[in-house]
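A.B. asks: Chain by chain, the residues:
There are 2 protein chains.
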Amino acid sequence: MSGAPLERLSLNQATTQHWDMRQTIEGCARAGIGWLGVWRDKLAAMGVAQTARHLRTADVRVSSLCRGGFFPAATDAARAAALDDNRRAIDEAAEIGAPVLVLVSGPPFDRDIDLARRQVEEGICALLDYASEQGVTLAVEPLHPMFAGDRSVVVTLAQANDIVERIGSPGVGVAVDVYHVWWDPDVYQQIARAGRRIVGFHVSDWLAPPPDHLLGRGVMGDGLIELRRLREAVDAAGYAGPIEVEIFNRDVWDMPGEEALRLLKDRYLAWC
Amino acid sequence: MSGAPLERLSLNQATTQHWDMRQTIEGCARAGIGWLGVWRDKLAAMGVAQTARHLRTADVRVSSLCRGGFFPAATDAARAAALDDNRRAIDEAAEIGAPVLVLVSGPPFDRDIDLARRQVEEGICALLDYASEQGVTLAVEPLHPMFAGDRSVVVTLAQANDIVERIGSPGVGVAVDVYHVWWDPDVYQQIARAGRRIVGFHVSDWLAPPPDHLLGRGVMGDGLIELRRLREAVDAAGYAGPIEVEIFNRDVWDMPGEEALRLLKDRYLAWC
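Top to bottom, those sequences are chains A and B.
Position one of the first sequence corresponds to residue 84 (our numbering), numbered consecutively onward.
Position one of the second sequence corresponds to residue 84 (our numbering), numbered consecutively onward.
Everything labelled a hint here was simulated from the structure, so no lab data went into it.
Any given hint might turn out to be false.
To be verified - Computed from the model, here is a short list of chain A residues facing chain B with C-beta under 10 Å:
#, residue
1, L307
2, I308
3, R312
4, E315
Unchecked claim - According to the in silico footprint, chain A covers these stretches of chain B (three or more CB under 8 Å from chain A):
#, stretch
5, 98-109
6, 223-232
7, 248-255
8, 329-340
The beta-carbon is built from N, C-alpha and C at its ideal position, and this holds for glycine as well.
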């Protein structure tokens, strides 16, 4: 088994939360990291046009934009507002050259989780033509079931595959994040089933027990996830794109950015 | 839709952590709660024979003993020690009249989660004859996937059903805890599939986000779980036994016991 090549490494900028967009782009360029996973808050802070110019100058490409989604809502007006915001995210993705917009489905707004799930699928369908026109692929990302109440009613890769197969358009695929799917007895079967509909792959590690609900992700090698096995399964399914390191972890945030990038690069090469 | 009858209410004693065994038994009797879910640490503190006597005197029956399991281990000796401890748990269950021993499978001991899962199934098989001789049914309880790294490699009802069907003995069934399974898109199908192999049903609620990894469970009605729908599904599958209220929550622990029992009884009648 050989490791993933450096050429596929992407820094998801949630990993270096204390860096602004300029620092992140320049940090990646200096570290020889050719890809960046962009977050909308950082993009808004620097401005979309200026970010696009900076990325071109630094020769850093965007692997994905995080994030659209958050579809379920109690009223027509709130659901329409969510769609409007998703269309703005699609515009932004197109402008910075992000091939993929990652969709975090959103939580239920009351106890009716089935209704919330239907609204997610309706929301994706409503965006599909607009995204396709802009050349942006929508990526349904199943989140770990511990986020079912506050982040995403889509919680398994099987469920994401079901949605994507029902929609049946090349404009929508799935994002596989090892942190969210590693526990699933069905994960390898569902990765194979997803096949070329995998449009994103994210890595971190699972610390046991997770030290925090949101900020509990570990650096690759510090936890329990079979990273190389999952990466090879995703590759075998047909995915050959960037591999985003996405680690929400206060200790990583508190490291000097350059040091964090060195650590992540070493661990990526050793474990992915 | 009518609610669950008071006659089926069971107090899992993890809910009133600051009460000892005697207080718990007497508290249930005073509150008109006819069932108790017993934990081994409290049982050891009072002694098995004395607990059995106290239960008879108070006319409180045991719905289950928590817990056996924790099978995966790196060495033969450690796995054998786990089996010995499980046999002691079976003895205790028989002596206090617990029809069911709840099995929490245990975490992986390294990155090989498949191996840990095989060891869980081997462990259950190794206990089966002994449990049957003692008249104790083993209950495989899938835990929420957020416990996959520190508590249980069995994380879905589908997986528990697979194990129980492969073993194919009336001496092993599944325990359904709403906190652990509510997020699962497949939960109603898997409850129907489990059918009469359901040998335990536990209730609490899911707070969003969970305020704590272990102590984050909510009182029924305070969260997002469709409690009545799940209870009716479990009943429709053929389960008619006690319904254990099992809430790991520091606020509930810190309430005076009598007050906690009033609250739980009211919420059980309103929501289950």
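A.B. asks: Does each hint fit the structure? Answer for all of them.
C.D. replies: Tested hints:
Interface restraint check: A/L307 against chain B, minimum CB-CB distance 5 Å, threshold 10 Å, status holds. Because the smallest distance between the Cβ of A/I308 and any Cβ of chain B comes to about 7 Å, under 10 Å, the interface hint for this residue holds. Checking A/R312 against chain B by beta carbon gives a least distance of about 9 Å; that is within 10 Å, so the hint holds. Interface restraint check for A/E315: the shortest CB-CB distance to chain B comes to about 14 Å, outside 10 Å, so the restraint is violated.
For the stretch 98-109 of chain B, the assignment as covered by chain A is violated, since 0 residues bring a beta-carbon within under 8 Å of that chain's beta-carbons and 3 are needed. Check result for the stretch 223-232 of chain B against chain A: holds, 6 residues qualifying (beta carbon to beta carbon below 8 Å, three or more required). Check result for the stretch 248-255 of chain B against chain A: violated, 0 residues qualifying (beta carbon to beta carbon below 8 Å, three or more required). Check on the stretch 329-340 of chain B: 0 of its residues sit with their Cβ under 8 Å from a Cβ of chain A, so the three-residue criterion for coverage is violated.
Violated hints, listed in ascending order, are 4, 5, 7, 8; each of the other numbered hints is respected by the structure.
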